[in-house]
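S.K.: As a plain string of letters, each chain reads:
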Amino acid sequence: MIVLHRVCKRFGGQRVLEEISVTIPAARSVAVVGPNAAGKSTLLKCILGLVRVDSGQIWVGGVSIEQTPEYRRRIGYMPQQPRFPENLTAAEIIELVKQVRGLSGAVEEPYVERFALARELDKPVRALSGGTRQKLSAVLALMGEPEILVLDEPTAGLDPVTAQSFKAELRARRTAGATVLLTTHIVSELPELVDEVLVLLEGRVVLHEPIAALATDGSPAVLEEALVQRIRRG
Amino acid sequence: MQAAQVIARWELRNTLRSRWVAGYAGAIAALSAGLFIYGGGMPEQVVISVLNVVLLVVPLVSLLFGIVSVHNAREFLELLLAQPLRRGELFWGFVLGTVVPVALVVPVGLGIAWGIVARQGWGLYGILALESFLLSGSFAAFGIWFALRWEERLKVFGAAILLWVALSVLYDGILLGAAFLLQRYPIERALFVALLLNPIDLARVAVLLQVDAAALLGYTGALLRQVVGSAWAVPLVVVGSLCWLIVPLWQAARTFARKDF
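Heads up: the protein sequence lines correspond to chains A and B, in order.
Numbers 1 to 234, taken from this note's numbering, label the letters of the first sequence in order.
Numbers 1001 to 1261, taken from this note's numbering, label the letters of the second sequence in order.
These aren't lab readings, by the way, just hints derived from the structure by calculation.
It is possible that some hints are incorrect.
[Stated by the list, open to error] Not the full set, but computed from the structure, chain A residues with beta-carbon under 8 angstroms of chain B:
1. M1
2. V3
3. Q81
4. P82
5. N87
6. A91
7. R173
8. I231
Note that CB positions come from ideal geometry on N, CA and C, so glycine has one too.
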C-alpha cells in the first residue's frame, strides 16, 4: 500500500504539489493523468525519494520513505526518458542494476525474450535506438518481479508490438497482485491497464475514482470525455 | 558501501571505454614524448614545458569533463536513485568512477612518455603526477558540483569558465598588481595566504620547488620557500592541493544529498 498524507512540493516559487493525500491499496493499479506540468512525474518521484517533499509524509508498505532506501527494493521504476551510460552494453546495464538491487540468476531473461532484446544485449548503449532503450528500461523495471511498479509514461516511444507485449505483461502483473502506479497521456489504454484514475490539476487531486465509475461501459471514448470534462471544470 | 563499489566499478568501466578519455591520455603522452625527444631530453626542462600545459589545459578539461559527466548521467542517476541505495553511496560511487580516471590521465600519459623516453628523474615525475592528479580531481569535482548545483547549462558553463579564467589567468595578475600597489605595507602574510587560495598556483609551486628554477617560482613561491624552508614547502603545498580536492567534493556531496532529480 502507498499512502501520501498532505504532501506539498514547491520548485522555486512554483507550487507543484499541493496537499496531496492519496491512498493506493496493495494490488491496485492507478493511473495518474492530467495536463502537462500538472505534477504527475513529480508525484512519482516523491514516492521514489528522487524529489524531497517540503511537507507531508509518504509511506510505502507501512514504512516511511524517509527511514530507509530499502523500500525501493520492492519497487520497479521506469523513467520517462531512458538514458544509460553510453559506453556500457545493454547486458552490462542489466547486470549493474541487478547487483545494486541484490538480484541473482537470470531474472531478466523472460523480459529480454518478451521484448525481443536478445540481439541488442551486447551492443553499447550509444548504438541502441530510442525504442530499444525504452525496452531496456522496461526490462530493468520488471525483472525480479517487484511488488510495486512505478511507470512514467511507459508506452511512450515503444513500437506497437512491444507496447502490446508490455501491456500484456502489466495485465499479468496486476493479476498476480502487483501494485501499479503509472502516468500516461494515452487515455484509450487506461481501461485495460488500471483500476483507478487519479486526475492531477495544477498540483491538486481533483478526481480519484475507479475506472468503472467514470465509464460504466468501459469504453475509452466515454472515459476520455469524462476526464476532459473534469479537467476543464478544474 | 558495497553499493558504492558496484557503481564505481561500472562507472569506471564506462569512463575508461570513452574515446574521449583515451584521446586525452594519448595527446598528453604524445606531447610529453615530443617534448622529451625534441626538448633536450632533460626531465627538468621538459617538466617546465609540461607544467605550463598542465596548468592551463588540465583545469579546463577537467571542469568540462565533470560537467558533461553529470549532464550525461542525469537520467541514469535518477534511475539508480530509485534503487535501494543511499544517496551517499551513489554519489561516491559515481565520483570514484568518473573523477579518478580523468585525474589519472595526465599521470598515466606522462608516465608512459617518461618511462619510454626519459627513464630517470622519477622523483620529479612523482610530484608532477601527484599535483596533476590533485589538480584534475579538484577541477573535475568543481565541474560536478556546478552541474549538480544549477539546472541551466548556460549558468553551469558560465561559472566553470569564470572559475578557470579567474584562477588560471586573472589571479596572478591581480596578485602582482596588489603586491606592487601595496609594496610599502607588510603584505607577506596576505600573499602567503593568497598562494593557498589558488590550486593552480599550488601545483605550479609544488613542481617548481623540485626543479632548480627559482626564477619561475614567482613572488609567492619564493616567499613560501623563505618562510617555511624548502623541506616543508612541498608537503605544505601538497596538503593545500589536497584541500582543494576535498572542498569541492564535499560541496558536491552536500548538493547531491539535497538535490531534487
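S.K.: Of all the hints given earlier, name the ones this structure violates by number, lowest first.
M.R.: 1, 2, 6, 7, 8
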